[in-house]
Amino acid sequence: MQFAFLQILKKYDTSFFIIASAIFLIGILNLYSGTHMDSNMTLANLYKRQLILYLFAILVGLLISFIRPKALYRYSYAIYIFNIILLALVLWVGDKGMGAKRWLVMGPIRIQPSELMKISVILALARWYSGHGSGTPLNLKGLIIPFIMAAIPAIMIIIEPDLGTGLIILIAFAVISFYRNLKLKTMAILFILALVGGTTMYNFGLEEYQRKRIVSFLDPAADLKGSGYNAHQSKIAIGSGQLFGKGFKKSSQASLNYLPENHTDFVFSVFNEEHGFFGSLVLIILYIVLFFRFIWLSSAVVNLYESIIAIGIMSLFFSHTIINISMTIGLLPIVGLPLPLMSYGGSNLLTFGIGLGMATGISNSRILF
Amino acid sequence: MFSEEEIVKMHRERATLIGNAVLISFAIILARLSYLQILKGEQLYRWSLQNRLRKEVVRAPRGMVYERNQELLVDNVPRFDAVITPQYLKDRKKTLKKLAHILEMKVEDIEQILKQNAYQAKYKSVLIKKNISRKEVTIIETENSKVPGASVETFISREYLDKEVGAHLLGYISEIQEQQLDRYRKRDNIRYKSGDFIGQFGLEEQMDFDLRGTDGHEFVEVDALGRKKIHRGSDYFIGGVKGKPVVPGHNLKLTIDRHLQQTGYEALDQKMGSVVALDIHTGEILAMISRPSFDPSRFSRGISSKNWDVISNDSTHPLRNRTTQEHYPPGSTFKVIAAIAGLEEGLIDEKTEYYCPGKFKSGRRMFHCWKKFGHQRVNLQRALRESCNIYFYKMSTLLGIDTLAKYAFSFGFGKKTGIALPREVSGLIPTREWKLKKSGQKWQRGETLSCVIGQSYILASPLQIAQMFAAVANGGKLYRPYFVQEVFTNSGKILKRFEPTLKSKLTLKKKTMRFVRKSLFEVANHPKGTAYFRRGVGIEMAGKTGTSQVMRLDADSLYEKCEELPLKERRHGIFGAFAPYHDPKIAVAAVIEHGCSGSKSAAPVVEKLITAYMKKYHPKKHEKIKRRERGRSQKTATL
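Order-wise, the sequence lines are chains A and B. First residue of the first sequence: 340, per my numbering; consecutive thereafter. First residue of the second sequence: -12, per my numbering; consecutive thereafter.
There is no bait here: all hints are sound.
Below, computed lysine-lysine pairings styled on DSSO-like, alpha-carbon distance capped at 30 Å:
| # | chain 1 | residue 1 | chain 2 | residue 2 |
| --- | --- | --- | --- | --- |
| 1 | B | K85 | A | K387 |
| 2 | B | K611 | B | K464 |
| 3 | A | K588 | B | K27 |
From the derived model, a few chain B residues whose C-beta atoms are all more than 12 Å from chain A:
| # | residue |
| --- | --- |
| 4 | Y171 |
| 5 | Q257 |
| 6 | K293 |
| 7 | E332 |
| 8 | P344 |
| 9 | E373 |
| 10 | L495 |
| 11 | N512 |
| 12 | K607 |
| 13 | K608 |
One side only, chain B facing chain A, incomplete, derived with CB under 10 Å:
| # | residue |
| --- | --- |
| 14 | F13 |
| 15 | L17 |
| 16 | Y22 |
| 17 | L26 |
| 18 | L36 |
Worth flagging that the hints you see were computed from the coordinates, not collected in a lab. Since the model is a prediction, treat every value here as computed from it, not as a measurement. Virtual Cβ for every residue (Gly too), placed ideally from N, Cα, C.
Looking at chain A on its own, in the form it has when it is part of the complex (with noise of 0.2 Å):
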């Protein structure tokens, strides 16, 4: 055991954490360019807040890194389990912020489970899959046990209501599931059932808030002072940043508090405003290399436990970027959802930097093993 440990420092995988602590950098310099003018001093100091949860989150990313896949393994279920059960304690007696339960307190501990279920849904899929009728691709009939995994927690965070985590964890399934050879023909009519699903859940299952969304998205137009506000005040960031950007701490919507949100929902619009295409440019091939790195992790370990973890937690980083990313630019609906290692937020820090250890845990045990 002395030995293993030694080997796995004398090789341990870095790339993981240096690429996203790359991505961090930038993020942290525009959480200070987008805050540190504002009057509210909690909010001024928000970015000394966010260099110490990264670190805090990065410590708990390098200690996850330790665990070896196997125990992961092992325990995928009963981590799941307990996380539904810290979901339905949310719902029972959760704490409201936002007009939303999220929070679940105990004492000075502030947890928010339904961050955790997006780890704790990819274990428990990839255990299910690489245990079930693994190298037969994958019909309807494997699919109804899965999906009830995922939906389960998926539709207690909607109740939240969270929509923008729900929608997360059915995408991550969406991606585990395609990655586990979906058949072509289940994708059709799963497309189809989805978008029957999709309408009925608009007219029926969504707070008139989340519609309004909707709607402003479909015509931003419309009312730009009420639920179009954000959504144009953003684009108009955006799009004043033009090539090279307005400079570093030069943003005046963000600044001027056009773009609301502007250290969470909204990064991305002030990180454009200020350094442009070009600077979102190289953000974004960050992104890209941090995304394939977890892509070639996932081909490169034989274990399809292993890597249906690596492709769910790409999954998690990916969707999140995409639709944080298409929101600020108007080709999605603004669902609040962060922009990974950039928006501010200790709990989905802490979900990235878990992410990021198990990744870096798996890459590890690779070369060991």
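Go by the hints and put chain B onto chain A.
Leaving out everything else, chain B in the frame of chain A:
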């Protein structure tokens, strides 16, 4: 079944597909970014600039108004209001609670105000509390982020330092009305716009063009919450990027004396009436007071329609300037004109005597003297001094109405004095022609009798009466009354200076004027004069009392005690005078509505005003006259 290798290969294929999907997604995003940042970049950049700069109108301060001794009469005082802009209310409950705490109000009350204004556009601010203190302003400004939606608005309030005193002369300002806008815009399209406050009365209205400046504007950096951006650690506002500078209004220096205004105001007390004082050598108005009055400052912030209804429907007409907008039968003060007419036309001389038995019959109508059993034999001096009606009745039979009117016109009656105040009345002097035109009826002899003692058709404003006494005192010169001396800028540069305007100079015999002045001096200084008991000390007042009939009275009620009549039926008391007799300086006229007698009600007001004037402007002369008067009374005592 697939081999292990095949399975791995299959997954790798899927991984490649996923990788492609990632690349395609980002390609779409980059396409969209290049659309926004490259194609539409310039337009959105312009939008972002407009977003942050808000054009704000900077109201030009109105000019200040000073009196003749440089004392300030009208000032601009910044006032602060706490307002809420509903659009920016993020956390309604929190803001209201916090604001209520700062302003020491109840949350429910603020809620109520917001509800009342719920119909107006959300971006318009709602006034929560007027005139908040500097301390409250500071708290709201510094706690800006804790009370989003609440802010402080500055308002330059026009304040009239002496409140009700002289309100009618100074006037008031209020928001321009729809129908006024067209008219004013024809004069000046740039400086008058909807929402402006303009002078609506008095000096403010008349001199609006000089008093109002030209509004400017500045660009202020604001955030999405509509807050002006404040640099942390200081209350320095970013702004004024490129704007149009404000041109402040011009200041005025008046001929008015603040102390005399105060004196006149206090002398009138709670009575309905007015008093006006003129410099006889220039026509400068020294004091002009009308009561009941109002506080013009109340209009400066926009008066509520309820308060407006109260003040405009008040039966005592507090908004009317009784010195220029009201006319009365001048009563016996008009006998001065009749006497001059008689003397100048050579119908009578100072020795001409008539017998006064107390009544006089003309046609079938009986005319009375105020003294029931008559003055017996009277000459002109006594007729003026003791105000004998019969003397003038008898004289008028020789005079005729048209000749009387000619002299009245020449002393400025029957036409506007030309004072720069809006809505001046012209009064009325009847002629045969006028009556024919008006009613189609011929002039009757009896009517001349009423007119000669200043009743019937004859109407004159207090200012016209004062103007006449000024002309009598200065030897027949009629100046246009005015009260603005100078228009000057803030840096002290004089733009306009107003000089006395001589309207006309009467060619009257010196003897006539001397005689009339002497008679008027006796009115207040002969023991039998009607104003002897109001003669004052050290002022050498020369004047004439008058009583103006409110309604036609029969013989019996003429001798009833006026004070016992219902207020509405009581006669108006009038007194006009100039002083000092030996070297006249000032002419004053006062009318007290329903004051019964000129000597009891109006003369004390005039006397107080003249005394105040003498003390302030001619203290040496005042003392000298006092000594002379003391000597005379001692002589009388020793006799």
